[in-house]
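Novice: Chain by chain, the residues run as shown.
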Amino acid sequence: MNERNTRISRRHFLKGSAAVTTLGSLAGCALLQEDFGGEEIDGIPDEPFRIVQVLFESGPPAFYGEEAMNASDMLVDQINEDGGLIGEREIEVVDRLDEDAGPDSLISDVQAMAQEGEVDMLMGIISSAHSLAVAPAADDQQFPFLVTMPGTYQLFEENPDMEYVVRTAGTNAAGAVGAVRMVEQMDDIETVVTVDPDYAWGHDHQEMFEAGLEAVGVDVEIIESRYPELGETDYSAHVSAIADQEPDLLFSSLWGGDIATFVSQGVDGGLFEAVDESLLIGDTGAPLLNSLGDAMPENVWLGGRGGYQPNYRYDEDESHREFVDEYYERYDQLPGWGAYHEWMGFQALQEGVESAVSIIGDWPTGEQLMAAMNNIAFEAPHGQHTMYGPQAVAPAVFGRPTDDHDLPVDHPLLGEFEFIEATEVNPPQDVLTMDWVDELEPVTG
Amino acid sequence: MSTRLPTFEDVQIKEVKGAILDKRLLTGGVLFVALALYPGLTMNAYHTRLLAWIMCFAIAALGFNVVLGYTGLLSFGHAAFFGTGMYTVVIAMQSAGITDLIVLLVLATLMAGVVGAIIGALSVKTHEIYFALLTLALAQLLYVLAARDVGGLTRGTDGIALNRPDFLGIPIGDAPAHIYLMGFYYHVILVCLFATIIVLWIVLRSPFGLTLKMIRENEMRAEMSGVPILRYRLYSMILSAMIVGLGGALYAVVVGHITPEYLDWTMSGEIVFMTLLGGIGTFLGPVIGAGGFILLQEVALNFTTYWHFTMGLVLFVVVLTLREKGIWGGAKALVDRVNDRRDDS
Amino acid sequence: MSTKKTESTKQDTPTEPILRTEDVRKEFGNLVAVDGVSLEFYDDEIVGIIGPNGAGKTTYTNLISGALSLTGGRIVFDGDDISDLRKYKRVRRGLVRSFQIPQIYDELTVFENVQSSVISRNEKNNRLFTLTSRDTDSIDETERLLEMFNLETHADEHTEHLPHGVRKILDVAMSFALRPKLMVLDEPTSGVGSREKNAVMETITDAAIDRNIGLIFIEHDMELIRNYSDRIVALHEGRVLADDDPSTVMNSEEVNQFILEGGV
Amino acid sequence: MPIESLTVNAFNGLYFAALLFFASVGLTLVFGILNLLNMAHAAFYGLGAYVAVWTLNNMGDVTTSTVALLTVLVLVIPLVVFVLSAALDKTVFAPLYEIEHVYQLLATFGVILMIDDIIKFIWGASPITVDGATDPSRQLGTLDLLGVSVSAYRSFVIVIAIACAVGLYLMFVKTKLGKISQAMSEDYEMVQMLGINVNRVRVLIFSISVAIAALGGALFVPFATATPAVTLEYVLLSFAVIVIGGLGSLKGVIVAALVIGMVRSFGIAYFPALELAIVFGLMALVIIFKPEGLFGDEGVVE
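Chains as they are written, first to last, in the numbering used here: chain W, 1 to 445; chain G, 1 to 345; chain D, 1 to 264; chain Z, 1 to 302.
Keep in mind the hints are simulated off the structure, nothing from the lab.
Where hints are given, some of them may not hold.
Okay, derived cross-link-like pairs now, EDC-like style, lysine to aspartate or glutamate, Cα gap no bigger than 20 Å in a straight line [what the hints assert, rightly or not]: (1) G:K325 / G:D336; (2) D:K124 / G:E128; (3) D:K87 / G:E219; (4) D:K87 / D:E22; (5) G:K325 / D:E202; (6) G:K125 / D:D84; (7) G:K332 / D:D43; (8) G:K325 / D:E107; (9) D:K181 / D:D80; (10) D:K181 / D:E202; (11) G:K125 / Z:E292; (12) Z:K290 / G:D166; (13) G:K325 / D:E160; (14) G:K23 / G:E217; (15) D:K124 / G:D336; (16) G:K325 / Z:D131; (17) Z:K90 / Z:E100; (18) D:K181 / D:E196; (19) G:K125 / G:D22; (20) D:K197 / D:E187; (21) D:K87 / G:E217; (22) D:K87 / D:D186; (23) D:K181 / D:D106; (24) D:K87 / D:E141; (25) D:K181 / D:E27; (26) D:K181 / D:E107; (27) D:K89 / D:D78; (28) D:K89 / D:D43; (29) D:K89 / G:E219; (30) G:K325 / Z:E100; (31) D:K181 / D:E141.
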């Protein structure tokens, strides 16, 4: 107990200069890097690298949590088969916290973990609102937190000084601005109806989409914006109202079970005959196509912040192919966005540990590890997944449903992929997202 | 805690009761000192935060029990007051630039009282399930306002982050989170809890408290004794709302980030759950209930993914076996029985 | 037995009546429950109301207490029109009723039950920061009332398990604690064993005379009515059938025809 | 406003009203006749949805005939739940009849939490949709209603709801069980004194009520998705329905379900911003201005 006290208070004392120290030590060590090259690394702790995950295990978004859990089980097994992180230290998921318990409980758990010192890292989280509450708390506790899923652009803009938090998911700007870029390329689009879930995710997307359209100066009018409740079970009233308007384009950031229900009831209500084109950007991919099957309309674009579609660059990218195959073999279904996000998280972790160890020649402290995950890049289905500081910048990828694919499932997947560079859909480092969107430049050429 | 009064016929009884009261005061004093010293002695930040969390909800549950236990009204809308307390603090800090903790707490308590007056005025005419559902519906409308960010103050479901308030002009808010909580804020909550307990203890034994019990026990009789019952039910709602609002305001700083979820009816359900678990028929039951609920949830969460089931089972069993006694009243009854047996032998 | 029985009938009393109902009516849909009842009551008399079931007795008392609103007519109490006054305000003016089934606070002690009435009468309900256990005024008065109604021995008991007769007395004591000018009692002895009935009535009437309180009581027991009333009002089908001293009413042919033979 | 969109919105409203009717009619009957406020009632709606989606997705190998699928939804699942709920009535719910409403609400809230986790334990937390092959809603396609094409399956659900309402009405008016039930709603003790086996009536009424909720859940799922959130959503909705309609009134449930269904359908179509507030606003208004609900002071079938 006493030892812990002194540690906590000393860490507090040092907190102000933490960033300087970390950078200093990293830089200093970098100079010495060659001295350590090829040598055995000392100081690798005997016990495994202990992760606690925070995911929805119950409540409406739990399906996302389930995908993430599946993927992480698989990835941890894979990593451990090769000996663990840098081939030396195995990973153990020691606990999973149910996000449904709410931020009170989560923050309290973070505190307990920080204090007991028996966990090396917190990983996951789905809800944007929860991330905004838990991430600063983890940072206060100087407890490493690898945020893998939520998209709110406010996370680092509101808490710019967090040193113990990185996020490997792209922000929702990528999806929304990606959609703007898609509209720029479309012909004959004059009227748009937006349908977004009635919470921050939905409102943020709608706002960025609308502001972006205005900024790039396309001649498109959003004639109506709808916000169905999260977890809505009956969209038919929305569907018939939209069908009535016959807009040229439908934009939606509905996700998970909501988008499946919406599209299915939309098909039933003739929605996709009434609109010419749809952009469904709420982290939608294989699970949606699986549940809709043949009923999936073809005049839609699916996608968003990242190329997380099983058959996107499946042949070209070996690691992606392995990930998809393994996942399919293990769970008899194709990975969805929750799974991909988790994959990105584990890649960042591996990469971070590797780079930290190679620089300091020793196993990194939590602080050093988090610092090492800043500004790295690693493989993703869409090519390089780059971190600007602690925040990943993802490109936008969209595709159209098609039955023409080689994967062993009998439902449609996407084809005709459109790839939009990360720099086209994310603000430059240190520019606030909404400021950037308001001044968005049209794509040249 | 006996609700009996000293009687006229036997002066000795008064003295005995006085002794009991002294004993209680002593116990309370010792408990207060022990709790006040806890963070400093153990330096355990996790426990400190857990205690702070429990105490905030203990205040809320005490306040809620004014309506349920003493006035006999089941409100399912108390999240409205808890959330109002929280949002008042954060909005006053962000929009009005008020950073003094005392001012913020007073402001939040008053605002919760205002919301309590509005919801109360609309609902006190109704009874039982209608009262429960009307308070639920009205509170839910408040939730919609916050979730849809009507008025642009709440930032919707993302919620708002909150800075640490200062105290009497001392910029203590700049202190690191640990030090702020363990060295200062925890004690503010502790003082507020004990102040709430003392004030409520007096108020519920005052003519006003007796009037609430009259309404609970027999509304018709109370009215036929010349009590304007609707007005007193409203007073009860306002008093209750203010205390719950204070709990919320205090909690806002502990959690540091406020979302509309604190206004949702499931939040009301948690407050009801806590109060009932502890025992609505006892004065201190709600405090025990808040502690029991939060600890149970923490344990169940760590122990099993099926923590909903565990909580549901506990609620079911407690309601069926202990009813208004709750775990606190049940424990007291058990102690009494053991003592009786000892006296017999 | 009342000692003032012969002194006061309305003909030879020069004082104002404490309560006057003028042509009061109550209709429930098509049913006329009270059909133009005009009566006067004085604060120094005990009036018994009789009538068969459905005669409108209870409806009439509910109109007086304000539990029901008038369809027509008006009610004057102590010189003021109280027709539209809320229930609790009538009580505060001194118009008090007790109930057929005792209405008491089950989870409070007998002492608290009575004290609550004393506090309400003093309109001290809004005192937040004084303890009732320190409120010597109300404690003293409560003690006196308990003594008066022979309830001292029960003072500290919770009322749930009290015998019915005691509950009845407690109910009345609580009404007396309100210092009414006029009390309306709905079957004060219903449910009380026949031997205790007289004792209950005795306690009530003694207290009323002692405190100079007018009494109106509904009763089915003709024996009690005859023994304790200064005057009897007979209701039938919502109208006043007779209103006179007990012997006159009891001997009236109509009353005999509609009420006394009606199987009461 | 074109006539077609009027028709479509009215149809949507009617369909939603049908679901609300299934979810809440049992709640009001159990309250009106047995004096039990069962917050967990809607959990059986959720349970019905899960049982249905699981059954449909597992019967593809046996048969995909529409008639078989519909039979499973309309008859088999309610029957299974009927038996289950009879067992539950004897065990879990039996002690609840003796306690005050407030405690009934809280104890049954505990039951919701338990049922929710049982569902999660069996079927997981992810939303489940009905496979295309065994989805009667896709098989049936559309039909023409006043010049508008509407889902044939949803029309079928509306018809079943109407049949169910008529059946309940006839049960109360024509059968002995119904008459005893009505008498019980007015004077429980009197019926008990007549020497009628009240417990048997109780089990029957409870199980019928719960089975109807499960029927609703089963019919709901082909057109929607089974998610763990369904239960809580319908807890609130069904309480809104029975309070607006008046506790214990069959007619009240029907009218309130129609009112909420229509207001919601047209409200969402023309005032989408109000969606979240519609049901609660309506509920608050009704309780404030007509606390006993639209038909609260009447008996079960008046």
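Novice: If a hint holds in the structure, say so; if it doesn't, say that too.
Specialist: Now for the hints, and whether the structure bears them out:
1. G:K325 / G:D336: holds, 14 Å
2. D:K124 / G:E128: Violated, because 28 Å separates the two Cα atoms, which is more than 20 Å.
3. D:K87 / G:E219: Given that 20 Å is the threshold and the Cα spacing comes to 12 Å, the pair holds.
4. D:K87 / D:E22: Answer holds: K87 of chain D to E22 of chain D is near 19 Å, not above 20 Å.
5. G:K325 / D:E202: Roughly 41 Å between the alpha carbons, so the hint for K325 of chain G and E202 of chain D is violated.
6. G:K125 / D:D84: holds, 19 Å
7. G:K332 / D:D43: Answer violated: K332 of chain G to D43 of chain D is near 51 Å, above 20 Å.
8. G:K325 / D:E107: holds, 13 Å
9. D:K181 / D:D80: Holds, at about 14 Å.
10. D:K181 / D:E202: holds, 19 Å
11. G:K125 / Z:E292: Cα-Cα ~12 Å, so holds.
12. Z:K290 / G:D166: violated, 48 Å
13. G:K325 / D:E160: holds, 17 Å
14. G:K23 / G:E217: violated, 30 Å
15. D:K124 / G:D336: With Cα atoms ~35 Å apart, K124 of chain D and D336 of chain G exceed 20 Å; violated.
16. G:K325 / Z:D131: Outside the cut-off at roughly 50 Å; violated.
17. Z:K90 / Z:E100: holds, 19 Å
18. D:K181 / D:E196: violated, 26 Å
19. G:K125 / G:D22: violated, 41 Å
20. D:K197 / D:E187: holds, 11 Å
21. D:K87 / G:E217: holds, 18 Å
22. D:K87 / D:D186: Holds - the C-alpha atoms of D186 of chain D and K87 of chain D are around 16 Å apart, at most 20 Å.
23. D:K181 / D:D106: violated, 27 Å
24. D:K87 / D:E141: This hinted pair is violated, its Cα atoms lying about 24 Å apart.
25. D:K181 / D:E27: violated, 28 Å
26. D:K181 / D:E107: violated, 29 Å
27. D:K89 / D:D78: This hinted pair holds, its Cα atoms lying about 13 Å apart.
28. D:K89 / D:D43: Roughly 19 Å between the alpha carbons, so the hint for K89 of chain D and D43 of chain D holds.
29. D:K89 / G:E219: holds, 15 Å
30. G:K325 / Z:E100: Distance of about 14 Å is within 20 Å: holds.
31. D:K181 / D:E141: Holds, because 18 Å separates the two Cα atoms, which is no more than 20 Å.
The structure fails to meet hints 2, 5, 7, 12, 14, 15, 16, 18, 19, 23, 24, 25, 26 from the earlier list, while all remaining hints are met.
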